[in-house]
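Residue numbers (the numbering used here), protein chains in the order written: chain A, 41 to 355; chain B, 966 to 1232; chain C, 660 to 1164.
Since the hints were made in silico from the structure, they are not lab data.
Mixed in with the good hints there might be a few duds.
In silico SDA-like cross-links for lysine to any residue, where the CA-CA straight-line distance does not exceed 20 Å [as the list claims (entries may be wrong)]:
{"id": "1", "chain 1": "C", "residue 1": "Lys744", "chain 2": "C", "residue 2": "Val763"}
{"id": "2", "chain 1": "C", "residue 1": "Lys793", "chain 2": "A", "residue 2": "Glu94"}
{"id": "3", "chain 1": "C", "residue 1": "Lys1095", "chain 2": "A", "residue 2": "Thr84"}
{"id": "4", "chain 1": "C", "residue 1": "Lys878", "chain 2": "C", "residue 2": "Val697"}
{"id": "5", "chain 1": "C", "residue 1": "Lys1095", "chain 2": "C", "residue 2": "Phe986"}
{"id": "6", "chain 1": "C", "residue 1": "Lys793", "chain 2": "A", "residue 2": "Ala89"}
{"id": "7", "chain 1": "C", "residue 1": "Lys744", "chain 2": "C", "residue 2": "Ala804"}
{"id": "8", "chain 1": "C", "residue 1": "Lys793", "chain 2": "A", "residue 2": "Trp201"}
{"id": "9", "chain 1": "C", "residue 1": "Lys793", "chain 2": "A", "residue 2": "Ala171"}
{"id": "10", "chain 1": "C", "residue 1": "Lys793", "chain 2": "A", "residue 2": "Thr84"}
{"id": "11", "chain 1": "B", "residue 1": "Lys1005", "chain 2": "B", "residue 2": "Thr991"}
{"id": "12", "chain 1": "C", "residue 1": "Lys793", "chain 2": "A", "residue 2": "Ser90"}
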Amino acid sequence: MAGLIAGRLAGLLLTLFLVSVAVFAAMEVLPGDTASARLGTQATPEALASLRAELGLDRPAPERYLRWIGGVLTGDLGTSFTYGVPVAKLVADRLAVTLPLAGLALALAILVALPLGTLAAARADRAPDAAAALFAQGALALPNFWIGLLLILVFATTLRWMPSGGFPGWEAGIGAGLQALVMPAVALALPQAGVLTRVTRSAVLDMANEDFVRLARAKGLSRRRAILRHALPNALPPILTVLGFQFTFLVAGAVLVENVFNLPGLGSLARQALVQRDVVVIQDVVLIFAALTILVNFAVDLSYLLLDPRLRARR
Amino acid sequence: MSRRLLIGGSIVGALAGAGLLSLAWTPGRVSGFRVADRLKAPLEAGLLGTDQLGRDVLSLLMAGAANSLGIACAAVAAGLVAGAAVGLLAAARGGILDAALMRVMDVVFAVPPILSAMMLAAFLGGGPETATIAIAVFTVPVFARVARAGAMRVLKRDFVLAARGAGKSSARIAAEHVAPNVAGDLLVQATLQLGLAILTEAGLSFLGLGLAPPAPSWGRMLADSQTFFLQAPWLALAPGLAIALAVLGFNLLGDGLRDRFDPRRSP
Amino acid sequence: MQNPLTRLARLGRATAAALALLGVGTGATLAQPRSDIVVGMAIEPAGLDPTVAAPVAIGQVVWQNVFEGLTRIDGEGRIQPQLAKSWTVSPDGLVYTFDLAENVTFSNGVPFDAGTAKFSLDRMRATDSTNPQKQFLANVVSTEARDPKTLVVTLSKPAANLLFWLAWPASVMVEPGSAATNRTQPVGTGPFKLGEWRQGDRLTLVRNETYWNAADAPKLDGATFRFIADPQAQAAALQSGDVDAFPEFGAPELYAGLETDDRFETVVGVTELKVVAGLNNRIKPLDDPRVRQALMMAVDRASLVEGAYSGYGTPIGSHYTPNDPGFRDLTAVHAYDPEKARALLAEAGYPDGFALSIKTPQMAYATRSAEILQAMLAEIGVTLTIVPTEFPAAWVDQVLTRHDFEMTIVAHAEPLDIAIYGRDNYYFGYDDAQFKAAIASAETSLDEEKRLEAYGTAQEILARDVPALFLFVMPKLGVWDARIEGLWHDEPIPANDLTSVSWRE
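Hey, can you work out the whole structure from these sequences and the hints?
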């Protein structure tokens, strides 16, 4: 199995390398650069040329790529053109918002979906099942940025129970920080909860028909207990797989939700960096997003192997 | 025909019908600007009122349906064709080509679609092509994986082995045996991807990266309506509900189709 | 309309009030005026050095607060002395002798003197300078620190606007040792210095305890700038008290609601932001003045302001605002008249109109105005296609540098920048000898009356030739806590000068 994992890891690195080349090339062909963004309507050809020389943008592309990727490999993410501070600091500040947000959303989604999906499976084709299906379909269909807008309009603008957006910073206290993330997390979690409810239901139902669950029931276990004790634990691997897949959507959704709630997260950094043509920041952020996506999927595969003895044996 | 298939089909059919109708006729104005007609409440002017430029909201929703469904269908169709080609090719040839193609798919899949769409919009300048390409690109790896997995499964079956033994060419095998067996999976996936495509298009338009004004778009209607919410809540509610309805329709349709093709896997 | 949400809100507020009576809640201490302020801005500055980058947001944070100039502009647009206490100008207008303030130190302890002033100006006009307003000093022949408190600037020809230009954010005084790091660690002579900048979110300023100008010392201990792009969020932040002031509120349609709220003071002021739809005068059919005039006459500026800015904003007939010296209202030169516009188009050879594309930045004012222009031009048979163009990067590349556009729309933020129409090869592609002569006369004239007259002529030439569709001056929708005083009402230059801001007792 070690060989298998090593092979997969090498594949991961290759994918990341290709992503880095792709994003660098993409930034090369974009119209305008950080110099034009900085000078705006006052840009003259001479000023643009001086600024490009000052920033090293006049160097050949391969040289700039190597300097960037060489830095990344030695742990130096470079310096932002816009802010003049290390990208590592910018990214760390933003991850301190985006990761808790994604985590909170994921936790909320699991908290709702696991019980609901299991309940739906236990009472398949009866009222709870129908209710769960209705919830799942509804949650899946609602755009998360729209949910965010409505949450703001109801709970912040009208009722004034919640902050309307922005982030006070963790130094303002865990409570204040979490409060700012609650509504965005709900908006982000709802569609996830929809997906997870459906997956949980079908996975548990699949397992409920497996022999070992039937056996447990034959031994006198009630259907409810049989499902909780035997079907649910065994249904976790497929649920995990879907969670891994959903991570990409979670991150993508975060870009929109951060926009709606005015959160200084990684998505809003990427957006702003793109407008300013702060290429080093974009390249780093895309690489980080890609690495996160790939690593999470890898971790899911790995845990799949560890959780499912049958699969392990087969390989 | 299952209930889901029926409901989903009716919703999608109604929206598509409204969209098609809007190309020929709308109950009110979808372009132009008239100060006197601004922000009229539902029923006061038209069934769903008017927007900040005095255009009829119901008509905008209809025209928005044409644009949103059009972009979603075009994007998913493009993604389906490209993805299926990649997946089948990878499965049929195997070896290095398979590894290389699937690696490229991994690369595409690794970059969140909103990020790649933002870069694409900066390059192409926003517009229907931008949204279509951005969504299509993201669906390619999904279809490629589905097609490849399906093809691999079929290629190992006895009847394919028998056909190969009988001396049939790979092309004939692909056309006669593989394609029909993968088509169901792809169709189900395409329907589900259509729902996602509607959501993604709305998100892109919401960020100002979708259709250029004045072409009506549900996502941009939502974005434009934000600041008018207290004066004109219908402006934010109507397009949001339209998006939700469209996605719901496609999801139900996809589920219903899955029931048909693969009853065991239905949730 | 009794909406259930409003009722719920009322209930919520009533509960909150009851809780407050019971002493629950934060319980603000009475009669102690606050000594800090939270100012909201829509756009975060890209770096903090106004001498190397053009975005106005930079000046709106650091100008007058952190950095000061030889001269400054006050809230009414007048030029005032600052680090230069006084000055004398030679009779031929070529030699400026500045008498500098003494005992001035930068916030890092380095003293300010004529040598520093010379360094700042020389840095701005150097060959490899990236200062966005480098051309201000184009006529400077030499700078000399005659003694520590005397700076002499010699020009090749008179510059009537020199004292005005020296007051700009781009002309502030910087210190040689810290100039290179001003983008992140600004060091100036101003009443505040940088506290912390949390990129993407907020920036704090703290009082500069060693500030030189006792007469103009700030009343506040510090200030926080928060960056909130979304107007809905801006309104909510004001309502919740998270932000005390939005000197430039983002959404006119939400402004009316704030105007009726007693907790806020609302002041609609005038800015220098001229929204103009630039035309590419190089290409057919826009090279024909009749076509450009017809386009101008197809635009009902009052309705445009109504639709794009809820009626706030002032229509203009030239690239000039009512703030600017010698302003003339020229909106009547090509007043709204679609009949005449159609006739003029026919005369120019386009009886059936033509198609045109407009490169439109993603900002709300631009997109909205473009949509309305599209509807208005359709009335005279001109089909306008909106092409979203990312501002600034893509716009600068395509429109400004490569002149690859037909029409565009952008707000020009620089005060008194009518001279851009005389710039060689600027994006409009407008080249008129008469206009250039008028500008040259205005900029070199030592006689105030003649100078204003020349600016008047320049305005009239633009209004006649229509190198761009002159639309409106953006309003400054100011809104702040009613207890705050000392914020600027108008915006003669983009700024948030906090020097004299205080809270009423």
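Hints and how they fare:
no. : hint                    : verdict
1   : C:Lys744 with C:Val763  : holds, 12 Å
2   : C:Lys793 with A:Glu94   : holds, 16 Å
3   : C:Lys1095 with A:Thr84  : holds, 19 Å
4   : C:Lys878 with C:Val697  : holds, 14 Å
5   : C:Lys1095 with C:Phe986 : holds, 18 Å
6   : C:Lys793 with A:Ala89   : holds, 14 Å
7   : C:Lys744 with C:Ala804  : holds, 15 Å
8   : C:Lys793 with A:Trp201  : violated, 51 Å
9   : C:Lys793 with A:Ala171  : violated, 68 Å
10  : C:Lys793 with A:Thr84   : holds, 10 Å
11  : B:Lys1005 with B:Thr991 : holds, 18 Å
12  : C:Lys793 with A:Ser90   : holds, 12 Å
In this structure, the earlier hints numbered 8, 9 are contradicted, and the remaining ones agree with it.
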